[in-house]
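Residue numbering for the sequence shown follows the numbering used here, starting at -18 and increasing by one per position.
To be clear, the hints were calculated from the coordinates, so they are not data collected in a lab. Quick caveat, the model's predicted, so the values are computed rather than measured. Every residue, glycine too, gets a C-beta built ideally from N, C-alpha and C. Watch out, some of these pointers could steer you wrong.
Think about it this way: if two alpha-carbon atoms lie no more than 25 Å apart in a straight line, the pair counts; the simulated DSS-like pairs of lysine-lysine are [to be verified]:
1) Lys75 / Lys183
2) Lys229 / Lys297
3) Lys233 / Lys6
4) Lys141 / Lys154
5) Lys233 / Lys297
6) Lys233 / Lys154
Label-pair ranges, simulated between beta-carbon atoms [unchecked claim]:
7) Glu91 / Glu24: 39 to 45 Å
8) Glu91 / Thr288: 48 to 54 Å
9) Glu180 / Ala300: 23 to 29 Å
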Amino acid sequence: MKTFLFTFFFFIVYHNTISQSLNYKVYHEKINHAEELYFVKNETDSALTIYDEVFLEFNDFIFLKDFLNAAQISMFEGRNPENYIIPAFRFGFKINDLKHFPILSKLGVEYKKNKLIIKKEEEFRKLYLDNIDVDYLAWIYTLAEEDNKAKNKRDKYFDKVFIPRNIKALEEKISTIGFPGEKFLGIVEDSIFKELGNERYKDFPESQVLSNIMSDTSYYEKMASILVYPFLLHNKCSFAYFRKTFLKEIEKGNMHPRDAAHIFDDNQRYQSRRTPSKEYSYTCNNSTFKYELYYVNDTRTIRTDRTQAEIVKRNKNRAALYLCSIEVDEAKQEFVDKHNFRLFTGHWITR
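Starting from the given sequences, assemble the full structure and let the hints guide the process.
Okay, here's the thing in structure tokens:
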């Protein structure tokens, strides 16, 4: 296990290094392996060693949930969670957020009295805010609000003009910047524009936008790409349209695999409700897509209505998108139910 001081030193000195050119396919495969080692095989040391290796190798950008998962494992097993909590400040985490994690919550009281940790939180918070693309963030907020207003009409304009126009606009943004996820926009937070201090967006109605698009106000939902979710979910061909793009963005670290899987699962369920076919096939842009569901937000129902052969197929499909197996997700859910872990963080409990 890396010491606190080493981890702390590393994240300051080696920020913005070669990880920008690394393939996040490797990142997700290693994280998935670490989760299997701990949650399924109970191999704590091996799992935390892999977490440490990944966090050092991909130090320029880490998905916040992975730091928090590692921190909970570390705390639960009597190790030092500071190795993961302190560097998590650089990706949007705050001392006050510890209250959302039962296993870690008591640390919040201690940290609020620790001047060194408070200072590090402030330093890393500045780095975090500096890395947010405020113009892109404002653009996504605006798109989300426009979509929320237009969807209520659900007329021909919405389906024939609004959706296609904004799909092209989003495609251009992804091409020039990248997918609007954690890497460019940070996690979703109230009053972020005020904290960023950008004069152009000081009166941006972010709270109103968030209240309209979030299915709930839990902290965990804010670690998914919920700002762009509604627009992509309202376009039932979004995964078919962006499938190749999503894969590339995942490999660049711009998008989390579960974000893509959630969008696809929702597209498929929408289509399956409108056709008697159990193959979940649907037609978009004159092409028929037929894929298996990823089941990223309801793994607990799979055992009762799917055969083992179908689960094997789904695991193969999941692996192709760099997702962990269904068995790992089920094991993680047991830790949520039995030990008060908070692991399935994100929109509709998909992450």
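Which earlier hints turn out false for this structure, listed by number in ascending order? Violated hints: 7 and 9; rest satisfied.
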